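Engineer: Here are the chains, one letter per residue:
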Amino acid sequence: MGWKNYMGMLVLFLMVAAAPLIIRNDYYLGVLVFAALNCLACIGLCLLMGYAGQISLGHAAFIGIGAYASGYMTVRLGLSPWTAMAAGIFLSAGVALIVGIPALRLKGHYLAMATLGFGSILHIVAVAAIDITGGPGGLNNIPAISLFGIALNTDTRFFYFSWAIVLIGLYFGFNLIHSRVGRGLRALHGSEDAAGSLGINTASYKIQIFVLSSVYASISGSLYAYYINYIDPGPFSVMHSVLLVTMVAVGGLHKIWGAVFGAVLLTLLPEFLSSFSEYFQVIGIEYKPDYDTLIYGLILLIIMLFLPEGLFGGFGDAIHALQGKMKRLREARE
Amino acid sequence: MKKSLLMIGVVIVLLLMSGSVLFAGEKDYRVGCVFAITGKASWLGEPEMKTVEMIAREINEAGGINGHKLKLFIEDSQGDNTRAVNAVKKLIKKNNVCAIIGPSRSGTSMAVIPIVQKAQIPLISCAGAEVIVVPVEERKWVFKTPQKDSDCVRRIYEHMIEKGIKDIGIISGTTGFGNAGRKQLKDIAAEYKINIVADETYSPADTDMTAQLVKIKNAGAMALVNWSIVPAQSIVPQNMKHLKMDIQLYQSHGFGNVKYAKAAGAAGNGIIFPAGRLLAVDSLPDDNPQKAVLLGYKNKYETKFNETVSTFGGHAYDSLWLVANALKAVGDNPEKIREQLEKSELVGTGGIFKLSPMDHNGLDKTAFEMLTVQDGKFVVLKD
Numbered sequence: 013m014g015w016k017n018y019m020g021m022l023v024l025f026l027m028v029a030a031a032p033l034i035i036r037n038d039y040y041l042g043v044l045v046f047a048a049l050n051c052l053a054c055i056g057l058c059l060l061m062g063y064a065g066q067i068s069l070g071h072a073a074f075i076g077i078g079a080y081a082s083g084y085m086t087v088r089l090g091l092s093p094w095t096a097m098a099a100g101i102f103l104s105a106g107v108a109l110i111v112g113i114p115a116l117r118l119k120g121h122y123l124a125m126a127t128l129g130f131g132s133i134l135h136i137v138a139v140a141a142i143d144i145t146g147g148p149g150g151l152n153n154i155p156a157i158s159l160f161g162i163a164l165n166t167d168t169r170f171f172y173f174s175w176a177i178v179l180i181g182l183y184f185g186f187n188l189i190h191s192r193v194g195r196g197l198r199a200l201h202g203s204e205d206a207a208g209s210l211g212i213n214t215a216s217y218k219i220q221i222f223v224l225s226s227v228y229a230s231i232s233g234s235l236y237a238y239y240i241n242y243i244d245p246g247p248f249s250v251m252h253s254v255l256l257v258t259m260v261a262v263g264g265l266h267k268i269w270g271a272v273f274g275a276v277l278l279t280l281l282p283e284f285l286s287s288f289s290e291y292f293q294v295i296g297i298e299y300k301p302d303y304d305t306l307i308y309g310l311i312l313l314i315i316m317l318f319l320p321e322g323l324f325g326g327f328g329d330a331i332h333a334l335q336g337k338m339k340r341l342r343e344a345r346e
Numbered sequence: 009m010k011k012s013l014l015m016i017g018v019v020i021v022l023l024l025m026s027g028s029v030l031f032a033g034e035k036d037y038r039v040g041c042v043f044a045i046t047g048k049a050s051w052l053g054e055p056e057m058k059t060v061e062m063i064a065r066e067i068n069e070a071g072g073i074n075g076h077k078l079k080l081f082i083e084d085s086q087g088d089n090t091r092a093v094n095a096v097k098k099l100i101k102k103n104n105v106c107a108i109i110g111p112s113r114s115g116t117s118m119a120v121i122p123i124v125q126k127a128q129i130p131l132i133s134c135a136g137a138e139v140i141v142v143p144v145e146e147r148k149w150v151f152k153t154p155q156k157d158s159d160c161v162r163r164i165y166e167h168m169i170e171k172g173i174k175d176i177g178i179i180s181g182t183t184g185f186g187n188a189g190r191k192q193l194k195d196i197a198a199e200y201k202i203n204i205v206a207d208e209t210y211s212p213a214d215t216d217m218t219a220q221l222v223k224i225k226n227a228g229a230m231a232l233v234n235w236s237i238v239p240a241q242s243i244v245p246q247n248m249k250h251l252k253m254d255i256q257l258y259q260s261h262g263f264g265n266v267k268y269a270k271a272a273g274a275a276g277n278g279i280i281f282p283a284g285r286l287l288a289v290d291s292l293p294d295d296n297p298q299k300a301v302l303l304g305y306k307n308k309y310e311t312k313f314n315e316t317v318s319t320f321g322g323h324a325y326d327s328l329w330l331v332a333n334a335l336k337a338v339g340d341n342p343e344k345i346r347e348q349l350e351k352s353e354l355v356g357t358g359g360i361f362k363l364s365p366m367d368h369n370g371l372d373k374t375a376f377e378m379l380t381v382q383d384g385k386f387v388v389l390k391d
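Those protein sequence lines, which keep their order, are chains A and B. Count along the first sequence from 1, add 12, and you get the number used in the working numbering. Count along the second sequence from 1, add 8, and you get the number used in the working numbering.
Source of the hints: derived by calculation from the structure; they are not laboratory data. Predicted model, so just to flag it, every value in this text is computed and none were measured. Hints are not guaranteed to be accurate.
[Unchecked claim] Where chain A lies over chain B, by a calculated footprint (3+ residues, C-beta under 8 angstroms):
1. 82-89
2. 95-106
3. 118-128
[What the hints assert, rightly or not] Here are a few chain A residues that face chain B, going by a calculated C-beta distance under 10 angstroms:
4. F46
5. P247
6. S286
Positions of the beta carbon are idealized from the N, C-alpha and C atoms, including for glycine.
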């Protein structure tokens with residue numbers, strides 16, 4: 013893991029540590045908690061999509077498995093939140109293994125369709141298995157999680173907790189991609205046949221990374237349940253899977269930092285737009301909430317049109333281009 | 009050039025951050041609203057938003073409440089739990105509202121309950137599920153205006169007993185509304201000695217319920233209750249007609265949208281369902297205590313927005329008037345508003361509210377009127 017990534021993590025750590033001192037409003041911290049939860053799921057998805065080159069349009073289902081495992085085991089079985097979260101991880105990994113072995117034999121659109129179908133099926137199960145999931149009525153009174161005897165029931169505490177887990181997730185992710193496995197994955201992404209000819213067990217690598225990314229998603233789901241204290245099938249629908257893929261794509265597929273960037277940006281953007289509407293009211297322009305959706309779509313469109321490598325990749329390119337231009341300008345002047 | 013652009017950017021960001029401070033006067037009464045204005049439940053949130061904006065303007069044009077202007081902060085939940093949680097936090101922490109109206113859906117309401125309970129801000133939900141206000145000990149700060157599912161079930165069962173119907177089939181949509189109704193139908197059946205001989209469900213996206221209806225027919229049901237709030241419910245009467253099932257069809261108050269009756273076409277004639285009186289205000293007797301309120305709201309809404317009034321807008325109407333009356337009585341202290349709400353009485357669109365510390369809804373089964381469908385219109389059932 014290169015010094016740049018260490019520096020990046022250090023900067024993120026300092027930002028996280030300082031944030032609650034500057035932002036003293038639970039609303040903003042709450043939004044950042046959701047950003048952290050999306051980050052976690054996106055890091056896992058980025059490992060799968062950006063490094064192993066496999067698409068998943070069913071990741072919200074793994075978030076759902078984590079959330080429902082946590083919800084069911086704490087509310088109905090009375091287990092501790094940590095045990096329930098661990099059980100969720102094993103359950104997600106197991107499901108990912110069972111789904112992954114046949115699904116990852118597929119390629120491109122077929123893999124996308126298979127994962128999409130998987131996501132839909134799990135959503136239907138969440139709606140229909142009323143005795144376990146509470147059906148559309150959901151599960152409420154999910155307890156808060158405690159760390160060293162401190163209940164994480166305030167926004168500030170949960171903010172630190174969730175971002176600490178993101179940092180741990182990042183650390184694992186970086187270590188993985190800078191290991192033999194990571195290099196193998198990138199070879200796999202470049203060309204599956206070439207990677208195979210070099211002695212990389214492509215099938216096994218793909219399944220391992222799929223399972224790993226499901227674990228990231230499951231943890232994110234468990235944290236969601238402990239933070240909101242209520243779950244129903246709504247947040248784990250196929251549309252959320254699509255949103256996660258969008259986050260990773262907007263941030264930049266081929267860099268873990270891109271996933272972090274995209275997740276934070278797309279979590280904050282709707283809230284920012286909704287504050288925007290208040291500003292329009294101040295200067296007397298009638299602004300309808302429907303416009304938020306339009307502007308949101310427009311921003312995504314512009315990013316994808318002009319920065320197809322995502323924001324993170326795009327910025328890197330832009331800086332390079334700018335440096336080149338400056339150099340040429342300087343040369344021209346001399 | 010670049011620097012000036014940067015400066016403009018900084019100024020815009022600063023303005024945005026101070027936005028909410030700029031335009032609400034210190035003396036205004038601040039009330040928050042969270043509705044599903046866009047997204048899959050926009051048919052709930054849209055009329056709710058229009059209604060509260062209309063009433064707030066009316067109140068402010070008449071001089072406000074005790075000389076204070078009523079300032080509404082309206083947030084769009086998009087029918088999404090996470091967005092609703094953020095919206096409620098924003099209203100409480102950033103806009104400093106003294107009470108919140110909404111959310112529109114049961115799921116979003118359940119998701120925000122822990123927040124308002126902790127922040128101690130009264131919330132009046134516009135969603136159906138009874139569990140939003142029950143158990144009342146755990147819902148100190150939570151109220152709701154839509155009628156109770158259980159009262160709807162009771163009205164249906166009472167009508168069945170009158171007609172001598174004993175064995176029934178039930179069919180429900182797999183949404184929060186359908187699921188809650190299905191549970192109440194099963195729980196209350198024993199009380200009225202009614203047998204449920206068939207219990208079927210359909211998903212909101214289904215386009216044909218023939219299979220379920222055949223099962224219900226074969227089980228020997230004497231009547232069918234179709235409990236749902238999604239458009240798919242209009243397919244049930246059509247399928248029944250094709251199957252030549254002539255047993256009485258009952259619907260829930262979720263049928264209370266004229267579009268659903270129109271979608272059912274000729275097959276919809278004769279459907280019986282309990283609903284608030286707003287839908288059939290024209291066929292209501294003049295001495296009904298709600299008639300003046302209902303006509304007033306209906307006429308104002310329909311002239312202003314040029315669309316048919318719906319019960320959902322009515323729930324927001326009732327919620328806002330409950331809050332406005334409480335503000336008038338005790339000012340904008342959240343704790344005092346909560347106490348005032350617990351002893352509020354209001355002749356509203358949903359019924360005659362009589363809230364108490366033990367009942368945060370305040371409606372009973374008389375809030376429902378048995379309605380029937382006649383040529384695509386709702387009228388009060390005569391017998």
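Engineer: Now, for every hint given, state plainly whether the structure supports it.
Structural biologist: How the hints compare with the structure:
no., hint, in the structure
1, 82-89, "holds (count 6)"
2, 95-106, "holds (count 6)"
3, 118-128, "holds (count 4)"
4, F46, "6 angstroms, holds"
5, P247, "5 angstroms, holds"
6, S286, "7 angstroms, holds"
Of the numbered hints stated above, none is contradicted by the structure.
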